[in-house]
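A.B. asks: Starting from the given sequences, assemble the full structure and let the hints guide the process.
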Amino acid sequence: MRRVVHRRTLLRGAALVPLAGFAAGCGDLARTAGLGDYVRVAVSWSAAELAAFSRVLDQRGVRDYELIPLGDDIGAALGARTSGRPDVVALPQPGQLSGAIGSLAALPDGVWQPEYDDIWPPATSDGVHYALPFKLAHASVVWYRKGFFAEHDLTPPRTWDEWLALNEAVIDIGGPAPLALGGADGWFLAQFFENVLLRSFTDTFRELARPHDARLWDSAPVRSAFEMVADMWGQARALSGGADRALVQQFPDAVLEVFRYGRAAMVPAPDFAESVIRRFAGLDDVATFTFPSRDGGAAPLAISADLLVLNHSASPAAHDLIRYLATPDAPVPWIRDTGGFIAANPRTDQKYYSPTLRRLERELRTRGQEIEFGLADRLGRLGGSEGLQRVLQDLLRGVAAGASPAAAARAASESMVDAEHRTG
Amino acid sequence: MEIETGPGLRLEVAGRELTGRLRAAPQRRYWGHYLLGLPAGVLLALLVVPMGWTVYWAFRADLADLFSDPGALRSAWHSVLWVGIALVLIVVGYVIAVLSRQVGRLWRVLLYALILPFGVSAVVSGAVFRLIFDPNPERGMASALLGGSATWLGPDLIWWVLASAFAWSWLGFVVVLFRAGLDTNGGPGLRVGRLTLPRPGPVTAIVVLTVLVAAIRVFDLVLIATPGSIQDDVDVVGLHWWRMTSRDGDPGGPALLAVLLFLVVALVSMAGMRTMRRPAQTEFLPPPESTADRAPRWWGWPLVALVGLMWTLPVVVLVATAFHDPETAGALGWWRLTGIGLGSFAEAGAVWLLPAVAGSLLIAGLATALVLAAGVPAAYLLTWVVPRRVSRVLTPVFAILAVAPVQMYAGPLGNLFATLGLVGSRAPLALVHAAAGLPFATLVLRSAFLAAPRRAEDDGRPALDEMWRRGPYRTTLIAVVVLEFVLVWNDFIVGFLVSGPGTSPLTLLLWSEARQFGTSAGTVAASAAVSALIPVVLLLATWRKVVVGLTGGIAR
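Chains as they are written, first to last, in my numbering: chain C, 1 to 424; chain P, 425 to 980.
For the record, the hints were derived by calculation from the structure and aren't laboratory data.
If you're wondering where the values come from, they're calculated on a predicted model, not measured in any experiment.
Yeah, the Cβ is synthetic: ideal placement off N, Cα and C, and Gly gets one too.
Don't take each hint at face value.
To be verified - Quick partial rundown of chain P residues pointing at chain C, CB under 8 angstroms, derived from the structure: (1) P559; (2) S573; (3) L577; (4) G578; (5) G652; (6) S653; (7) D657; (8) A755; (9) G773; (10) W776; (11) P779; (12) S936; (13) E937; (14) R939; (15) Q940.
Claimed, not checked - Here are the computed distance ranges between Cβ atoms for each label pair: (16) V961(P) / R359(C): 51 to 59 angstroms; (17) A150(C) / G773(P): 36 to 44 angstroms; (18) D213(C) / G495(P): 41 to 49 angstroms; (19) G102(C) / V515(P): 41 to 49 angstroms; (20) R206(C) / D674(P): 27 to 35 angstroms; (21) R359(C) / A770(P): 31 to 39 angstroms; (22) P328(C) / F491(P): 52 to 60 angstroms.
C.D. replies: So this is what it looks like as structure tokens:
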């Protein structure tokens with residue numbers, strides 16, 4: 001008899017346990033497990049930058065946040081699929097903002113600095129700001145080894161032709177290759193092309209950033225820009241490890257090629273390359289020059305920025321977090337301990353920057369210096385892995401396979417026209 | 425007697441009849457038993473309803489659009505290549521299993537070397553093989569050995585890297601199951617030319633089915649092991665589906681692709697099921713003499729050494745990389761003697777490792793409990809309660825659900841999660857995991873119930889609580905618990921596609937940490953090692969029971 005009772009209880013239990021589980025699942029079990037109820041902060045940073053940002057938040061003294069590293073999928077954090085979560089998003093692409101304003105909360109009062117008006121983004125028509133610039137990046141930078149240049153009497157180039165000649169000279173020395181590229185990261189190649197376009201064909205760059213006819217990608221200036229790129233990348237022995245290796249090498253590895261292994265002399269990379277150099281090689285042998293333009297004349301600088309936005313359902317704690325991140329001292333741990341960070345807030349103390357970064361920071365803030373966001377950050381899907389980034393990876397493959405610069409440029413222009421039709 | 429389980433719900437529980445003979449009383453009087461299927465029904469609805477939506481969307485899409493998409497066609501071709509890789513792996517595994525019977529006591533060594541990677545997630549094995557084949561000759565072992573003359577991870581060689589990682593994970597499963605089959609199934613040999621090959625018996629179906637389905641469903645391995653610029657060269661159907669959904673507003677195209685993928689997988693699994701369906705009726709010949717104590721053949725040592733070394737090497741690479749400081753691991757290879765320490769663990773632990781481990785434990789634990797609580801009663805029903813003609817229909821349905829690709833239900837479920845504001849919450853995700861794991865668990869339980877030897881006093885149907893008390897059932901329950909826990913712990917795709925990357929189980933965070941792969945080698949390896957430790961230890965401790973449970977008791 002005892003067995004029967006036992007079995008009956010078990011029968012009932014077996015039927016009910018999953019139902020109880022279902023009920024608990026609908027409530028937030030994570031919270032009961034002590035894992036929930038944090039300010040959820042979605043960021044695109046990973047590795048050392050992610051660690052640096054978490055130190056920035058820790059400096060506040062309250063560990064009431066949860067970091068969600070979304071990488072390239074950061075746009076998904078604003079999409080319809082994530083209603084209500086996460087609370088704060090650090091967005092690297094201002095192009096993704098336009099469609100998302102409706103799901104955002106206005107910035108807290110008093111965080112906006114007038115200097116931000118020069119950066120991005122403009123307020124909505126009623127004067128409300130939704131996105132707070134947090135991290136600024138100088139993207140028209142070429143890093144090189146100071147010692148190597150001094151030893152061989154090389155000088156940084158100012159025009160495109162000087163740069164090509166410099167590459168020849170480095171090749172002739174017979175040691176390292178002139179350039180290292182991180183072709184596995186589409187944005188790295190896109191940024192190179194954008195610099196050529198922005199600094200040598202400024203008007204065309206601006207036309208492309210606005211709504212335009214897809215055939216503009218097949219215009220003479222764009223083709224020239226593609227051809228200049230293909231010409232430099234395709235030069236024999238120009239790339240460290242060859243174009244095949246450059247295609248599977250990521251951005252930090254390209255930086256290591258120059259400053260750690262000494263297999264290349266220069267790497268065109270944004271200011272945040274500094275954190276990689278600092279960590280893996282030290283800053284002793286570091287110098288930079290501005291990405292050359294065709295004729296050496298004045299031209300806008302390419303920038304990128306990480307913007308902080310608040311989800312409309314964000315808690316008061318999330319608003320406090322934004323207020324904190326807007327203060328001048330908030331990014332100090334990142335600047336001081338990791339490097340490769342330029343604060344968007346102009347009141348952040350200069351003394352924490354390394355000499356190189358201080359110079360880059362001043363260059364960005366020079367009165368009268370024009371700055372432009374890169375195309376990849378502004379064109380949405382067309383600037384991403386279905387468009388510009390993929391087209392430049394194909395261009396690199398093309399020159400690796402021996403295509404002529406003119407042919408590679410023609411293919412790239414035509415692919416961009418197609419991509420614009422497809423993604424449009 | 426009657427019991428009241430809820431307001432207005434009265435259950436008639438007839439305790440005495442439970443021990444009665446199945447045919448002695450009319451079925452109708454046991455309607456209360458069917459309530460046992462309710463939890464399973466609720467969970468399965470979580471799969472079936474979204475799958476219905478996907479089929480509905482697919483019907484509204486144009487097949488011609490899909491076939492004119494060169495990306496879709498290329499991904500389909502790549503999935504076919506994966507089937508080829510799986511078939512080669514199965515043949516190699518069979519050969520090793522046959523040869524292993526001649527190596528005597530060396531089999532133990534081989535076994536542990538082979539079974540270990542099976543507990544490792546695809547994300548971790550992808551990360552390990554990307555470390556080994558890193559194109560940087562300072563850091564990547566293969567590039568260092570070959571002097572950087574070949575571009576590993578490039579378009580020409582990436583398939584070798586991916587196939588190696590897949591083989592590393594799955595060969596152990598193939599060999600151990602074939603070996604178990606060979607040891608118990610001394611039937612007449614298979615004649616191929618002048619060779620007479622021993623038959624592994626019914627396990628063949630399980631092996632072929634599982635490995636083929638795994639090959640067709642490959643997703644996270646490709647995502648983590650392949651540099652961004654090479655992803656198109658190895659795009660597979662599952663990944664192409666994901667790119668389509670994140671790209672197109674219209675769910676029709678991806679739904680159609682998912683349905684086609686599902687049809688292929690379902691056909692493969694139906695073919696497998698035909699031989700798997702009758703485990704209890706298989707006639708067993710007495711097992712051949714034990715070979716464990718026999719002295720190995722002359723080629724035993726080199727064979728075991730070769731396979732053992734090859735299969736242990738990735739573990740060595742992973743652990744050695746993890747025990748270097750981030751600065752050393754990110755710039756130099758794992759074999760360097762400088763910079764050894766716990767720095768990588770400390771760095772990963774400082775940011776996200778611990779919450780991620782807790783999150784994964786919660787999800788995997790909850791999902792496992794749910795699967796057990798729903799699966800045991802469901803298998804009980806399927807084995808002993810429902811009429812034979814019903815179970816004949818239900819069993820294949822479970823088999824098809826067991827192999828249904830996540831892409832079949834991820835779209836509608838993702839929308840549901842978004843609507844309910846559940847994105848990123850862990851408990852609902854555990855529920856989806858439980859639903860996804862339930863069909864397979866139920867099938868394994870059922871075939872074990874069928875195969876278990878019966879006691880004399882039984883009239884064929886044991887009491888439900890005996891599931892745990894009696895040895896044979898307990899073994900199967902342990903197998904199901906271990907497998908489900910390991911599957912959920914190692915999961916990437918369900919969490920990624922249903923709940924988005926913000927849910928923070930370990931594998932998702934590992935993937936995001938691996939975005940700057942080379943220079944993050946230290947922290948990636950440290951987190952990968954932590955994430956692999958729990959399932960590997962669990963599997964090594966219980967592998968015997970898992971094998972017995974998986975083979976439905978034939979390999980006892």
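A.B. asks: For every hint, state whether the structure bears it out.
C.D. replies: Each hint tested on the structure:
1. P559: Holds: closest Cβ of chain C sits about 5 angstroms from P559(P), inside 8 angstroms.
2. S573: With a minimum Cβ separation of about 11 angstroms from chain C (threshold 8 angstroms), the hint on S573(P) is violated.
3. L577: 5 angstroms, holds
4. G578: OK, holds: G578(P) within 8 angstroms of chain C, min 5 angstroms.
5. G652: Holds - the Cβ of G652(P) comes within 8 angstroms of chain C, reaching about 5 angstroms at its closest.
6. S653: 4 angstroms, holds
7. D657: Nearest chain C Cβ about 10 angstroms off; hint violated.
8. A755: 5 angstroms, holds
9. G773: 11 angstroms, violated
10. W776: Hint on W776(P): holds, closest Cβ of chain C at ~6 angstroms, below 8 angstroms.
11. P779: 7 angstroms, holds
12. S936: 4 angstroms, holds
13. E937: 6 angstroms, holds
14. R939: 5 angstroms, holds
15. Q940: Hint on Q940(P): holds, closest Cβ of chain C at ~5 angstroms, below 8 angstroms.
16. V961(P) / R359(C): 51 to 59 angstroms: This hint holds: roughly 53 angstroms between Cβ atoms.
17. A150(C) / G773(P): 36 to 44 angstroms: 42 angstroms, holds
18. D213(C) / G495(P): 41 to 49 angstroms: At 26 angstroms between Cβs, range violated.
19. G102(C) / V515(P): 41 to 49 angstroms: Given about 57 angstroms between the Cβ atoms, the range is violated.
20. R206(C) / D674(P): 27 to 35 angstroms: Since the Cβ atoms of R206(C) and D674(P) sit about 33 angstroms apart, the hinted range of 27 to 35 angstroms holds.
21. R359(C) / A770(P): 31 to 39 angstroms: 33 angstroms, holds
22. P328(C) / F491(P): 52 to 60 angstroms: Since the Cβ atoms of P328(C) and F491(P) sit about 58 angstroms apart, the hinted range of 52 to 60 angstroms holds.
Of the hints listed earlier, those the structure fails to meet are numbers 2, 7, 9, 18, 19, in rising order.
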